[in-house]
Amino acid sequence: MKASVTAHRTYTVSRIDDRVYGAFLEHLGRAVYEGIYEPTHPTADANGMRGDVANLVRELDVPFVRYPGGNFVSAYNWEDGIGPKEDRPTRLDLAWHTSESNEVGIHEFADWAESVGTDMMLALNLGTRGIQEARDFVEYVNHPGGSAWSDLRKKNGRADPWNVKLWCLGNEMDGPWQVGHKTAYEYGRLANETAKAVRAFDRNLELIVCGSSHANMPTYPEWERTVLEETYDEIDHVSLHMYFRNPEKNTADYLALNQKLDDYIGTVASTIRYVKSKKRSKKDVTICFDEWNVWYHSNQQDREILDGANGWPHAPGLLEDIYNFEDVLQVGCVLNTFIRNADTVKLAAIAQLVNVIAPIMTEKGGRAWRQTIFWPFWFASRYGRGTALHLVTDGPGYDCAHGDNVPFVDVSGVHDEAAGTVTLFVVNRSQTDTIELDTRLAGFGKLRVETHKMIRHDDLEAVNTADRPDEVAPQDGTGASLDGEHLTCPLPALSYHVIRLRA
Amino acid sequence: MKASVTAHRTYTVSRIDDRVYGAFLEHLGRAVYEGIYEPTHPTADANGMRGDVANLVRELDVPFVRYPGGNFVSAYNWEDGIGPKEDRPTRLDLAWHTSESNEVGIHEFADWAESVGTDMMLALNLGTRGIQEARDFVEYVNHPGGSAWSDLRKKNGRADPWNVKLWCLGNEMDGPWQVGHKTAYEYGRLANETAKAVRAFDRNLELIVCGSSHANMPTYPEWERTVLEETYDEIDHVSLHMYFRNPEKNTADYLALNQKLDDYIGTVASTIRYVKSKKRSKKDVTICFDEWNVWYHSNQQDREILDGANGWPHAPGLLEDIYNFEDVLQVGCVLNTFIRNADTVKLAAIAQLVNVIAPIMTEKGGRAWRQTIFWPFWFASRYGRGTALHLVTDGPGYDCAHGDNVPFVDVSGVHDEAAGTVTLFVVNRSQTDTIELDTRLAGFGKLRVETHKMIRHDDLEAVNTADRPDEVAPQDGTGASLDGEHLTCPLPALSYHVIRLRA
Amino acid sequence: MKASVTAHRTYTVSRIDDRVYGAFLEHLGRAVYEGIYEPTHPTADANGMRGDVANLVRELDVPFVRYPGGNFVSAYNWEDGIGPKEDRPTRLDLAWHTSESNEVGIHEFADWAESVGTDMMLALNLGTRGIQEARDFVEYVNHPGGSAWSDLRKKNGRADPWNVKLWCLGNEMDGPWQVGHKTAYEYGRLANETAKAVRAFDRNLELIVCGSSHANMPTYPEWERTVLEETYDEIDHVSLHMYFRNPEKNTADYLALNQKLDDYIGTVASTIRYVKSKKRSKKDVTICFDEWNVWYHSNQQDREILDGANGWPHAPGLLEDIYNFEDVLQVGCVLNTFIRNADTVKLAAIAQLVNVIAPIMTEKGGRAWRQTIFWPFWFASRYGRGTALHLVTDGPGYDCAHGDNVPFVDVSGVHDEAAGTVTLFVVNRSQTDTIELDTRLAGFGKLRVETHKMIRHDDLEAVNTADRPDEVAPQDGTGASLDGEHLTCPLPALSYHVIRLRA
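Residue numbers (full-length UniProt numbering), protein chains in the order written: chain F, 1 to 503; chain X, 1 to 503; chain S, 1 to 503.
Worth flagging that the hints you see were computed from the coordinates, not collected in a lab.
We put the beta carbon where it would ideally sit given N, CA and C, even for glycine.
It is possible that part of the hints are untrue.
[Unchecked claim] List of simulated lysine to any residue pairs, SDA-like, C-alpha gap at most 25 Å:
{"hint": "1", "chain 1": "F", "residue 1": "K283", "chain 2": "F", "residue 2": "R189"}
{"hint": "2", "chain 1": "S", "residue 1": "K154", "chain 2": "X", "residue 2": "K446"}
{"hint": "3", "chain 1": "S", "residue 1": "K165", "chain 2": "S", "residue 2": "T219"}
{"hint": "4", "chain 1": "X", "residue 1": "K155", "chain 2": "F", "residue 2": "P89"}
[What the hints assert, rightly or not] Distance ranges between label pairs, derived from CB positions:
{"hint": "5", "chain 1": "F", "residue 1": "R15", "chain 2": "S", "residue 2": "T251", "range": "49 to 59 Å"}
{"hint": "6", "chain 1": "X", "residue 1": "N156", "chain 2": "F", "residue 2": "G145", "range": "35 to 45 Å"}
{"hint": "7", "chain 1": "S", "residue 1": "H314", "chain 2": "X", "residue 2": "K85", "range": "35 to 45 Å"}
{"hint": "8", "chain 1": "X", "residue 1": "G157", "chain 2": "F", "residue 2": "E461", "range": "49 to 59 Å"}
So that you can see chain F by itself, here it is in the shape it has in the complex:
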């Protein structure tokens, strides 16, 4: 079988916003505590931040980290996390049924973000709080000084403002599980007034309004329409979330889930366009896909904790999905989908970064390692910057729950003019057949194959562990062959590929 791909330098989707490779870190489970922060760890720095984890985060080169939630934020008081640590209150977090010591707050997170070279995206609590507390937080974080809140920040050890540009107006406010859940209209009104208030500090903030928590929400996509009608002029991005699951071990269906993702993005982009027209607005609003990942491996064990069976533990092992090789293929397809929608998806965040449904895992007091899904994210973050190419593809497909004739080969292409590279990210979803990739590359001049990396494993369920951290890892690919503008490469069944060409 053969899958043909045509790429032409002039036919592009859009410049890819680097911020599509962001990540998410919530006060949830062991993401913060025993994740990025563990003062007693051998690699901990003066602030108690694990050096081994920081190094792995640096490898992923994420342009921003979203913080501190997630559901957590909807009852979070940011003031709990400032000032002397011994004075900070222990809170019970209703979202995850755990205790929050507040040892890590905005200062600790900000220092860590600086140390790993990433920006902050901060979320405001619009569950139990409103305009006043939001404006105070923005003032604390972004105002140079001379006001009560900014001077308190200085007193707490940070002289310069952090100048955070990305602010989330709450989190998943369409979800009945959210503390202070709101109707679309209630939320739209609150988000709009909060947006105006915080924007008074800085007109150039990028404000992110909550879209639907997932495409199966009963309120989707009316939620988006209503919220946007109330907020359009004041916000910049719509937040979407999607998690991918394979509880019934149906690989064909599972690996086709990005068809639904693509439809979700397209529907919301269309809704944005509709409201833009209705508002006679000249402003564009784009999508911030700030939670996405595979999430289902840990469902069973999580339930016990969330049901409160263990009381209110601090930093329990919640949402600790152990990813397998199959998930590599899924994550590859998801990232391909974002690249193909680079005109509408301008920001995204893998959920999450450490321990909690995360590419990086840690042992308390011990090792940190890369999960299987670390790798497709690493490749995309490293090589997926530039301009998304509008590829025309043709090839065999299969019928499944999520569509007819879903192509076996899922591919995206990125042209980095500055570097002089063209990169193809390719997944072969076929469970049985090697498929020949047959690509025509037009307008890029003379190229050579610089890199061909592949991820493949005989066992779909193979995982990386502390003891076997490289069980699933990239290897050199074979067979990529370039003849003028004609690139061919055999794609073994169930394999992930990065093929990088350079002038």
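We have chain F already, so just place chains X and S on it with the hints.
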């Protein structure tokens, strides 16, 4: 004249929830101050709680006491009532135009409740406050420790959580007089989100949502429908209130008011059923009739205080209805109505307990005594536990403002299988005639008349005072005669009876 | 040309409420700081209040001053302005993009108001706050003592309550620019519940609800209808605002703007009447025109400050309109309009009092002087008290953007029975012609011309400055002649007149 009653062991309404004999205590007038609390009183204990009042409360054996309001709660900050007494603020209570010293708060009330052997039903302020303060209060009261609020409770002297199960989501939120009055939709939304937040601490809380303040509210029963549609899945009981008045001294109309009560209960039960079906819910919601009593004797004097003529007094003599013999009959009929509706009315609270429209009265520094209505409540609380019998009745009636052919004889029957008793509570509303009670008791085996008590007085307006505390009191009844399954008893005009049979 | 006017003692509009001559003072620009307050000024009193400014305010004899905003109030926390000055926080004011030191708060303002002999009208923050903070503020200001808030006022140096009667329920809540902007329904609900709560302290408070910010608002006059339907029973006055501009230097159009003002007042009065009928209410609601003035001269320079180009300055020179002679005529026409609508406009406030679009200007550390518009306000405040006469006028007019046949002569008449005076306020809007005023005065008995003052200048753009403070000032008028009941007076083109007759 003769009134026939048929009782059959198998034909029952429902098990009576003991909590139908609850009571209400509000920070209002002299209910708390000079009521349960008076440090300088000769009988005061170490906490300043009057021993004489506590003893009378113990006599009534109320399973729970609702606290701290009522209208009071809708602008109440529970934190005002914790910590060292000398630091507690004096507040002006807008609901009752009085000053509140906050000498009694949750700790003092909880200790008192334990000492008199009753549970607490606590009300949350949904007038001026919202989710955050509600969750904090529940955490303070119910969380074992290890969090800021629960540790503060410990610091304030209470190590163990109180584990309060019954929580009211505000009070009479349909009433324009309520501070922070809300529309049905506004309230339903707030109650639902607050319910979810506090339930995160404990899924087994029993949450009580506000129904109509009375059946004459212009919003009744649309209020119930709307509120239940917004909250059904998150709440357990609907709160109803009703007060009975005879300002025009029309005994016939007055004593028939429980016809309206019965219709009120039936309508709300039907509304609950409608919403249950609409929601496709499997869960039952029942009625919590948490304010009921006679209230009108004090209206004139109250008006002066509420109009602010005296400024903002602390613990003025507000709502100090002095009850007469006629009110005994009314209270008897009301309690009969609750027993007959034992399938839907699962909780109720007489409003209130001490001094304020209350069965127990006190003198400052002096005596405490039982008002006339103490007695029918005492009998029901003592003998009215078990299973409510579905009685079939037939007999003469009268036409009045509240219905045609209202039966002269109002009766309820309770079967206590464990104790082996059958108890009849009977009121003869006829102002002129002795009526012969003619009862067939089937399926209970051989019984004997263990007790027959009667309350009667020649003067409908007779009252109990500190000097004549037993002017209206139970006396032995006469004439109850059992012949096999056939019980007969003459019921003098305007009399209240308890007839207890034992196997 | 001749303009005839008929006045008859019996044909009156209404008693003029003295409070139509109120003023407004906001924490904005240099109104407070360097306006009324400047501790280092040579004339400053012990409280730091400028004596020269206070004297000029006393000249204007304003019955009340509205405080502290305006847009400022919608994110203002009144507690920031009490207690030791060194402990008061510096806040960033989102409305005017400035820093607020809180050196002046309610105590300082109240002392100043007492010293200049005016009452306070205080505004409540209904932007970011609600019922609780409003009730606390009213308690702090008006409660004699014995409660936490009132005792704190005493501790802060003020033993007696201030007994403020006039309270604004927020400011311009229909404006999207307002922090915490609300829909008409949202605002109506909040205003109603807040009104009820604060009225519990004192039923005689006069509460002012926000109407439309101006007659060009897209929500006008539906805003008024909706808000009044939600609040009618609980409020006393509807707040309206209007500013007058002549950016295109079209004098004819500019001086006819009070035609729009008149229509605005009439429309809102009619809307009030409609809601009154719909509510079957016996209560009257009137208009509080609590912001009005010329405002456009400073627009250009203001924009820079409001755009944040200078950061967040403290007390920048915002809204410092320098008024010219043309504005004297405008202000004269506006005041005439209020007098002619004395039956519906019961309160009004010139916006503002010092420096910010104000009749009084100051130099930092230096001089204070009267702007041109000081004078028509001074005359109206001094001579415009009594009963508004229902004048019948006839005379030549002109067509312009705001109406056809707008009369050249704009006139109002006031009868002060106690003083035995009749006063005419007259503006000749003709740019070319002297017009002969031809007045018939019936029923006032024998009168004499006591005073005839005129304001006129050859240059419409003439202004008063610190160096030339009397460039535009009243002068003696000439030509007023009374023959029995027949008063005649030549009115030069573009001139303002006060003619006072006495028995």
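Looking back at the numbered hints, which does the structure fail to meet, lowest number first? 2 and 3
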